[in-house]
Each structure stands twice: as C-alpha cells, then as structure tokens.
Amino acid sequence: MIELMNASLTREGRPVLSPMNMQLAAGQHLAVLGPNGAGKSSLLRLLSGDHACSGGWVSVFGDNPAKMSLREKALRIAMLGQKPDLRFPFKVEEIVALGRYPFAESPRRTNSIVLEVIEALELDLLIGRSILSLSGGEQQRVHLAKTLVQVWDLQQPGLLLLDEPFAALDIAHQVSARRLLEEMRSRLPMTVISVVHDLHGATADFDQVLMISKQGQQIGFGSPLEMLTEEQLSRIYGVGVRTLYFEDGQVAGHSANSS
Amino acid sequence: MKISMLAMVLILIWLALMSVAIATGASSVLIQEMLLTGSTSHQIVAEIRLPRALLASLLGAGLALAGASIQGVFRNPLADPALIGISGGAALFAAGYLLISSQPDAAMLGLSGSAMLGGLLATGLVLLVGGRQSDIATLLLAGIAINAICLAGVGLLSFLAPEQRLRSVSFWALGSFNHVGWSDVLMALIIIPVMLRLLRLAAVLDVLTLGDAEAGHLGINAKRKRLEVIVWAALITGVSVSLVGIIAFVGLIVPHWVRMTIGAKHVLVLPFSMLGGALLLLAADWFSRWLLAPLELPVGIVTTLLGAPIFVILVARWSRGVWL
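Respectively, the protein sequence lines represent chains A and B. Per the numbering used here, the very first residue in the first sequence carries number 1; after that it's consecutive. Per the numbering used here, the very first residue in the second sequence carries number 260; after that it's consecutive.
Calculated from the structure, these hints are not laboratory results. Because the structure is a prediction, the values reported are computed rather than measured. Ideal Cβ positions, reconstructed from N, Cα and C, are used throughout, including at glycine. Heads up, some of the hints might be wrong.
Said to hold, decoys possible - As a list, the in silico DSBU-like pairs of lysine-lysine whose alpha-carbon atoms are at most 35 Å apart:
#, chain 1, residue 1, chain 2, residue 2
1, B, K524, A, K67
2, A, K67, B, K482
3, A, K214, B, K482
4, A, K67, B, K261
5, B, K484, A, K83
6, B, K484, B, K261
7, A, K214, B, K261
8, A, K214, A, K83
9, A, K67, A, K83
10, B, K524, B, K261
11, B, K524, A, K91
12, B, K524, B, K482
13, A, K91, B, K261
14, B, K524, B, K484
15, A, K91, A, K214
16, A, K214, B, K524
17, A, K83, B, K261
18, A, K83, B, K482
19, A, K83, B, K524
Unchecked claim - What follows is a set of in silico ranges between Cβ atoms, one per label pair, in the way DEER data are often shown:
#, chain 1, residue 1, chain 2, residue 2, range
20, A, E119, B, S263, 21 to 31 Å
21, B, V490, A, F103, 36 to 46 Å
22, A, N111, B, I521, 49 to 59 Å
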C-alpha cells in the first residue's frame, strides 16, 4: 500500500503541494494529472524520498521513503525523472545497464536483463550507438529501459515512479512501452505511479487517477471514469475539454477546444 | 582494435619510450657501460634518467587519472586539475610551506601535504564561487580566477623570499623534472594506493554522470562520493605539484582521447587514461630535454603547447553542443 496522509511540501518558503490524501493498493497503476507547475514531479520526489514531507506523512509499503537508506530504496523504488544532461559518449546498452548498479550480480545476469528490456522496447538497432548521437525520443526510451531494468526481477513489493515516460515517444513506441509496462505489472509485485500529460489511453492503462490543480491542491483521487470527466478536466486545465467515445462506449480520448 | 590489443600496444610504446628516455639526453651514454656499476654511463642512467623517466610515467598516470575522475564527478569533460584551481592552490601552499618551514628540503611529506591542502581549499573556493558544479562555463571561469590569484600569490612569495629559499615562479607555473631523483620517486609512490582506490570507484563514476538525483535513485550518495574523488584527485595533484610543479592539460587531453577511442565507461577510461598519461608525460619530458639540448625546456611548456590548442578546439565544439 502506498499512502499519503495530509502530505504537504514547502520548498524555500513556497508551498509546492497542499496536503494530499491517497491510499493506493499494491500492484495498481496510478496516473498523476495536472497542468504544468502543479507539483506533479515534486509529488514523485516525495514518494521517492528525495524530498521529505513538510507536513503529514508518506508511506511506501509501510516505510517512510525519506528515512530509508539509499541502498534499500534503490532495491525497491525506481524512478524515471527528467532526462539527464549527459556529456560522455556512453553506449546505449551501457546506460541501460546502469539501472542494475544496486544489485550484486554477475555481469552475465546484468547483460541478459539489459538485452531483454532493450528488445522489449525495440532498442536493438541502437545497440553500440553513443547516447549523444540519439534523438530526444530515442534517449527517452533508453532512460526508460534503464529504469525498467532496475525493477525487472523485483522480489519484494516495489514502486516504479515515471515522470512523463512517453512524452517524447512516437505512437508505435508508446504502444510497445505501455505493453511492456503492463506485462511487468502482471508478473511482478510492482506498483506504478506515472505523471502523464497525454490523456489518450489513460482510462485503459490506469487503475486510479490523482488530479492536482495549478496551485498544487488535490482535486480528486479515484477511478479514471470518475476523474476524467469533462468537468474535472476543464476545471484543472482551464480550457473546455470534451471526451470522445468509441462506438462501443469506451473512451477514445479527450479534445480541448479553445472557444 | 580490441581493447586488450590496444593495452598491449600502449604498454609496448611505453617500454620503447622508457628505453629512449634512458638512453638519450644531453650527455651520451654507452649502452655497454650502462650496467657497469661505477661507470659514468651507469651513474647517469641509474641516478638521473631512470628515476626521472619513472617519475614522469607515474605522475603522468596520476594526473590523467585525476583528470578523468574529476571530469566524471563534475560531469564536465573540460575539467582538468590545473584548469579548475587544484594545481594553483597546491602550488601556492607548497611555496608557502617552503617559505615558513625550517627545513624546507627534508620535509617532503609536509610539502606534499600542504600542496594537497591547498588544492582542496582552491577546489572548495572554485565550487563556492562557481556554484552549480556541472555548469561548464562557471566552473572554468571560477577556476581561471582562483588559479590567477594562486599564481599571483606564488609570484609574491617568490619575490619576498630570500634567495635560494624558494624555487622560481617558473618552476611552479610550468613544471620541470630537471632536479628529480630517487627520493622524489619514493615520495610519489604514495599516490599508488590512491590510484587503486580511484580505479575501484569506476562504476560509481559511471552512475554519477547521470546526475545527483539519478545516482541517489541507484543507491549512491553523490555528494559523499564526489567529495571522496575530489580529495583523492587533490592528493595526486598535490604530490605532483610539490615534486615537479604544475603540469597542465595532461588530465584533459588524455581522458578525452581515451573516450574518443574506447568509449565512456570508467572501468576502461580510468586505466587507459593512466597508460596514456604515463606515455604523454614521459614523451613530453623527453621532448623537453631533446628540443634545445643541452638546454631543457620546462615540461609544462610542452604539455601546454600541446593541450591548449586542443582545449580551444574542445571549447569551440562545446559551444556548438558537440561533446566529442
């Protein structure tokens, strides 16, 4: 269980997140939605233990992540943050292998996991290439792969935090990445929390949605169908949002109108 | 070329260079006399050229390793111990120690220790002034400023010091192996355990290049590890500066060449930088003896003449967003 109990965050005297409340069952996939500057990435950093709560508390499977040792955290919590600014010509597979740093294992084991994830994310053709020579979308996929290898063989309940994981990916690679994530979730004791902007497919992928307003306040927490209503989305983004449906009643997507 | 093959080739070139450095110089030696104890040739080789060649190799390896490690922790391919103030601070403190110490020539440990302390303090000051440690421009500018202050301080100390009390400003600023002997080699041996420790940090340096937050998510306390690497790099640089003065650019050129040749993984970058550094400084020292023989150029002039143009090219490429 991942819990936020009146968890708030103040940075340099400025309130970033107002008290948040949430109970997310283990194994679920939560989407965090909100406009730019709402504090979504800060919420991930509260959950990863990078920031400690200014008020209230955070619990990740019963532990306060800000109090866990870095090593203990690395074995249970993986996070894809903003794309790092790399300046050295590491090869694609070398960057992905860094995700296995916390584990004392044979190089052969590391290689086999790295190759599995590289294949699943269709990065095979980039093997041997320098990360500096890749496009933004390709680099994003490499960093996603590095994060996924960290939780590839989770033995104990773990948490995967993803900050806009599909932002720079084309549609085909979004589909393969989402498929891989679902496959991992079905096989591992893994809870996933993703910050997303793209609402397409949100209802299908996510079990729960947490909405945050521009002011860093929790607007709501619940199932995608409850949360992703035209009223809620229009309210948090400040533009008129319409929900589009397939013929069978499934949500096809959302469209903003500027009028 | 395979990695092991490249290592073999570099080791063979080093051995060949060692032979050239030992066999050639201002006075000619007879190869058949080199092993005859008591002969002039033996004396020149055993007492002057061999310790000099060994010291150049050892310090070259150390400086290149320090450069590669510093670049890793600062995530900055343009960092070099001499460019970011470590060497300047080391020279200032070493010169200050020579001035106040009652037995300047006997206290090599004190000299190296104060050089290391000076290097650390200068680095701390650079970080304080430069702020964000990964910002290339501010780090280099702060380094230039601190270096200028330190070298002006060395100049002032040399000016104020009684004759023969302090080595010349040009010794500190441009480095020289002119006076070295076995006692200097013995002193330099203390960098070997430090180099071994840095080699063991190769995987940590890989992770640190992702940034502090990412390193934290992979279980590494970035601040603590960065401090450790800076301390070891300052120790190597301090020992080197206290023995032979500032030798710039070895720590910049060699790791850069290594990354262009075999990639960025520190488990390879660090040992190959050591090999390349040993080769470069040995060759530069031999060249500085050979060019105007029997006169000797300070070796720092050779490394700077080689390194500065490369640095200019790197800065120009960096301004266009190209790292290698």
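Hint check:
no. : hint                         : result
1   : B:K524 to A:K67              : holds, 32 Å
2   : A:K67 to B:K482              : holds, 17 Å
3   : A:K214 to B:K482             : holds, 33 Å
4   : A:K67 to B:K261              : violated, 46 Å
5   : B:K484 to A:K83              : holds, 22 Å
6   : B:K484 to B:K261             : holds, 31 Å
7   : A:K214 to B:K261             : violated, 55 Å
8   : A:K214 to A:K83              : holds, 23 Å
9   : A:K67 to A:K83               : holds, 26 Å
10  : B:K524 to B:K261             : holds, 15 Å
11  : B:K524 to A:K91              : holds, 9 Å
12  : B:K524 to B:K482             : holds, 21 Å
13  : A:K91 to B:K261              : holds, 16 Å
14  : B:K524 to B:K484             : holds, 17 Å
15  : A:K91 to A:K214              : violated, 39 Å
16  : A:K214 to B:K524             : violated, 42 Å
17  : A:K83 to B:K261              : holds, 32 Å
18  : A:K83 to B:K482              : holds, 20 Å
19  : A:K83 to B:K524              : holds, 19 Å
20  : A:E119 to B:S263: 21 to 31 Å : holds, 29 Å
21  : B:V490 to A:F103: 36 to 46 Å : violated, 28 Å
22  : A:N111 to B:I521: 49 to 59 Å : violated, 19 Å
In this structure, the earlier hints numbered 4, 7, 15, 16, 21 and 22 are contradicted, and the remaining ones agree with it.
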